[in-house]
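Undergrad: If you're matching them up, the sequences are chains A and B in order.
Per the working numbering, numbering of the first sequence is gapless, rising by one per residue and ending at 227.
Per the working numbering, numbering of the second sequence is gapless, rising by one per residue and ending at 1147.
If you're looking for bench data, these hints aren't it; they were derived computationally from the structure.
No false leads were mixed into what you were given.
Only part of the chain B face toward chain A is listed, based on derived beta-carbon distances under 7 Å: (1) 760; (2) 1059; (3) 1062; (4) 1063; (5) 1066; (6) 1069; (7) 1140; (8) 1141.
With a straight-line cut-off of 30 Å between C-alpha atoms, the simulated DSSO-like cross-links for lysine-lysine are: (9) B:1133 / A:16; (10) B:756 / A:148; (11) A:120 / B:1055; (12) A:35 / A:225; (13) B:1068 / A:73; (14) B:911 / B:901; (15) B:929 / B:960; (16) A:103 / B:1134; (17) B:1068 / A:119; (18) B:923 / B:898; (19) B:1001 / B:981.
Some chain A residues flagged as far from chain B (calculated, every beta-carbon gap over 12 Å): (20) 29; (21) 34; (22) 37; (23) 65.
Keep in mind that this is a model prediction, so the values were computed, not measured.
Positions of the beta carbon are idealized from the N, C-alpha and C atoms, including for glycine.
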Amino acid sequence: MIKLQDVTKEYKIDGDETVFTALKNINLLIKDGEFAAIMGPSGSGKSTLMHIIGLLDNSTSGQILIDGKDISTLNDDQLSKLRNEFVGFVFQQFNLINKLTIMENIILPTVYAIKKMDFDPEERAMELINRFGLAGKENSYPNKISGGQQQRVAIARALIMKPKLILADEPTGNLDTKTGDTIMKLFKELNVEDKITVIIVTHEADIASKTGRIIKIIDGKLV
Amino acid sequence: MRNYLFFIVKSSLFDLARNKGRTFLTSLGILIGVMSVVLLMATGLGLKRYIQDQLESLGANLIFAIPGSKKSIMRGGGMMGGIKFDDKDVTKIKRISTVAVVAPVYVNPGTIIEANGKDDIVELVASTEQVVPVFNLEIEIGRLLEKKDNDKRSKVVNISATTAKTFFGTVDEALNKTLKISKQNFKIIGIIKSKGGGGLGGSGIDSHIYIPFKSAYSFNPDKKYYAIYVKAESKDKVAETKSEFEKVLLKRYDKDDFSVMEQSEIMDTISAIFGVINIVLISIAAISLVVGGIGIMNIMYVSVTERIKEIGIRRAIGAYRKDILWQFLTMSTILSLFGGLVGLALAFIIVYLIHPIFPAYIDLTSVTLALGVSSLIGIVFGVFPAKKAADLSPIDAIRYE
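All chains should be modelled from the sequences, with the hints used to inform the complete structure.
TA: In structure tokens form, the structure reads like this:
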């Protein structure tokens, strides 16, 4: 369960006295097992909201509670641990590491893991590779496969640590409609079958409509 | 943790391999630094070994008295002037119970010799037949100096195989030929086995020529000795012999007028002098290591900037600050160690190539030091860039384009 209470995010713009408010008094509750979309036009603050939920960014004020725990009290190492174990990120530009193979990209989060894992990283990666139709590509490098395949690798990487939450920032933005639909079906499947909370950030209404709940954001405020 | 090392090393190697030219140029500073330091150490060691070999070829248990105080000898002034020894000294020294052999010598290091239309400057050693056991002379062909040569003031000479070959081509050719020593004719009655280790300007043991003491009166008109060499009965009698030797001489001379030394002392003196010179040279060479380190630091900053996005991705999937720190430290250490290894390899090749003319050698300490220092440079100069990378905020890094 993720709970945001009165979360505000402000940026100071360099060389300017004015303060830009990206998020204003956000109150939001996302329950375990939800499939939700954060939707808004560009510049609405939806990415900032996702970054805050994903523990990449911190809020200026307000409280963020993950399973009842206030994350503002956590230090950098504890946040790294949560990012590693609790969240899986999927980005618009896939953000794979080009010098690592598909297999290495997928198991990379396990390399940084501190907790003892109840699975063998390579076995689990192989399962995900087979499940996502990437069999035979495990030793290829990311720039040698298609965009749709890269995004599936990114999802496999997000899943390797068995996270409770998947955060996807415009995951279909760099893909054609057909490939985008496949990726969305995959997220649905993860939500229904794997019981993972999935939050998708998008500006497209038809993408948002494929989720169970649409959270609209305009000018940093939920509407 | 199973794959951790594999991942950070693979990432580093990949990044270094992608910019081969840059990697090579950056490690060049360390390469040159390590090579110079190792070569200087090898030269120092070679010099020490060379001198040691020369002294040891004289035989063990050797003690000698020369004019001048130890201080002036260390300043290089002992060779000139001062007192000379005579037969009274020799007689008294012979009475010391632990003395096995006494060889008083007259030495002239700047003696011109001529033969077969060639000439050279050598060190003339004029002594009794006792010089043979003192200097461990061994005959190759002909015969060594004997008592009768001295008694008869025969104009005979022993030269080394090296000198014989220089003048006559072979040792057989040289035997019984005439050698002009300062314009006087001497007959070559025997060729001494070479001790080897020459090549340092030819001033080694092999350039010595030996004639009977009494045959050298025309070069040494006051008939005195420049030095007295003594061989103790055994190694454990060296100290006792030396102190008796000193007591005998103190009865006639002032303590600052002469020095009694044993081989290990000359060794220590020479080692100390070369040690200081070597440390100074190595320190100068070490400056290039620091310059190389700065080059690494510079390139690491560039590398961090180039990979901000990658750092962001790694942080987003759960990399800790220390993971990023280790990744960049590994990269800078590999870069520096690479330079160190290549520098070391080049030093080995150079030492191998010059070995026939100079016995330089690389010991385990040099290797350990070279690799240790180059790793250390990688860590020290990599730590600031690595810290910069680790301290990037995850959100700024992942947003970076």
